[in-house]
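Undergrad: Sequence:
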Amino acid sequence: MTQQDDNVLGNYLRERRQRLDAAKLGYTLLRRRTPGLRREEVAVRACVSTTWYTWLEQGRGGAPSEEVLERLARALELSAAERDHLFLLAQNRLPGVTWQAGVDVSPSLQRVLDSMENTPALVKTAEWQVVAWNRAATKVFVDYAELPPAQRNILLMMFRNEEMKKRLPDWHKVTRGMVANFRADVARTGASEHVRALVDELCEMSDTFRQLWQSQEVSQHGEGIKQLWLPDEGVLELEYSTFAVEGKPGLSLVVFNPRQQHDRDCVARLMARP
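Per our numbering, the very first residue in the sequence shown carries number 5; after that it's consecutive.
What the hints contain is simulated information worked out from the structure, not anything from laboratory work.
Bear in mind that the values here come from a model prediction, so they are computed numbers and not experimental data.
A couple of the hints might just be wrong.
Unchecked claim - Taking lysine-lysine and the DSS-like style, the derived pairs with C-alpha atoms no more than 30 angstroms apart in a straight line are: (1) Lys-177 / Lys-143; (2) Lys-252 / Lys-170; (3) Lys-143 / Lys-252; (4) Lys-230 / Lys-170; (5) Lys-143 / Lys-169; (6) Lys-143 / Lys-28; (7) Lys-230 / Lys-177; (8) Lys-252 / Lys-230; (9) Lys-143 / Lys-170; (10) Lys-252 / Lys-28.
As the list claims (entries may be wrong) - Just the calculated beta-carbon pair ranges, DEER-fashion: (11) Gln-114 / Arg-42: 37 to 47 angstroms; (12) Cys-207 / Ala-27: 47 to 57 angstroms; (13) Glu-227 / Tyr-31: 48 to 58 angstroms; (14) Glu-150 / Cys-207: 22 to 32 angstroms; (15) Glu-250 / Glu-150: 40 to 50 angstroms; (16) Glu-208 / Cys-51: 42 to 52 angstroms; (17) Pro-39 / Gly-181: 50 to 60 angstroms; (18) Gln-155 / Asp-10: 55 to 65 angstroms; (19) Arg-78 / Val-239: 45 to 55 angstroms; (20) Leu-151 / Glu-227: 51 to 61 angstroms; (21) Met-120 / Glu-250: 16 to 26 angstroms; (22) Tyr-31 / Glu-205: 15 to 25 angstroms; (23) Leu-34 / Asp-10: 32 to 42 angstroms.
Quick reminder that beta carbons are idealized off the backbone N, C-alpha and C, glycines included.
Model the full structure from these sequences, guided by the hints.
TA: Here it is as structure tokens:
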């Protein structure tokens, strides 16, 4: 293996630098013999010395700190995936969590939801805000479209609505697990400061939530069994599985699959109603 092959970080930085559009970034194209930005231009954008950045590309600059890597990622206009790769090359680890507030659901993801005709499914944020759902979810849980966006929060519905205690045979066990999972989601996505108002509201409205939140329990169960009592139908059992949405660290897809044939029949009857 050549020394050039060993310098994976320097090669990566150089390739990312050379692909940048100098004109788009406001630099003159006069006397520019190579594509992209010059080393000194990247150094200025990243607030590091040209000499040190040159050494870094040459494989002799030493291990850059997390702060410098973040500045380099911005200077080179790296995508989230490219930023992760930069950290893996430089420090053999992924970068720290950065909160992403985007909650937009792509049309293709909505089509995935809609394709599950008799399987309730929804997309939620790290704050447990429901931002997309399918028709089966509206029949089994609640018609989210009829709720104001601010009221489509699973935790608010769970602790504010007394009817939920009737619909969930194991309400206390469920809420304990939900709060522990919520805390894990908040930590995983770096959303601690962004959910402070929601947590304060929940603590004020529910002694149960306040006690559970203060217990500091954390868990991350991406799958399990949910029991739901429905009028005229009895107890419906659903196996739920949670999936991360690629490129959207704050979003999760939750699929509730009817567990047995009588559960599938129950959902089918609900779907047949207008």
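Undergrad: State for each hint whether it applies.
TA: Quick rundown of the hints versus the structure:
| no. | hint | verdict |
| --- | --- | --- |
| 1 | Lys-177 / Lys-143 | 24 angstroms, holds |
| 2 | Lys-252 / Lys-170 | 34 angstroms, violated |
| 3 | Lys-143 / Lys-252 | 27 angstroms, holds |
| 4 | Lys-230 / Lys-170 | 14 angstroms, holds |
| 5 | Lys-143 / Lys-169 | 18 angstroms, holds |
| 6 | Lys-143 / Lys-28 | 50 angstroms, violated |
| 7 | Lys-230 / Lys-177 | 11 angstroms, holds |
| 8 | Lys-252 / Lys-230 | 25 angstroms, holds |
| 9 | Lys-143 / Lys-170 | 17 angstroms, holds |
| 10 | Lys-252 / Lys-28 | 27 angstroms, holds |
| 11 | Gln-114 / Arg-42: 37 to 47 angstroms | 44 angstroms, holds |
| 12 | Cys-207 / Ala-27: 47 to 57 angstroms | 53 angstroms, holds |
| 13 | Glu-227 / Tyr-31: 48 to 58 angstroms | 51 angstroms, holds |
| 14 | Glu-150 / Cys-207: 22 to 32 angstroms | 27 angstroms, holds |
| 15 | Glu-250 / Glu-150: 40 to 50 angstroms | 30 angstroms, violated |
| 16 | Glu-208 / Cys-51: 42 to 52 angstroms | 44 angstroms, holds |
| 17 | Pro-39 / Gly-181: 50 to 60 angstroms | 53 angstroms, holds |
| 18 | Gln-155 / Asp-10: 55 to 65 angstroms | 57 angstroms, holds |
| 19 | Arg-78 / Val-239: 45 to 55 angstroms | 53 angstroms, holds |
| 20 | Leu-151 / Glu-227: 51 to 61 angstroms | 26 angstroms, violated |
| 21 | Met-120 / Glu-250: 16 to 26 angstroms | 18 angstroms, holds |
| 22 | Tyr-31 / Glu-205: 15 to 25 angstroms | 49 angstroms, violated |
| 23 | Leu-34 / Asp-10: 32 to 42 angstroms | 36 angstroms, holds |
Hints 2, 6, 15, 20 and 22 from the list above are not met by this structure, while the remaining hints are.
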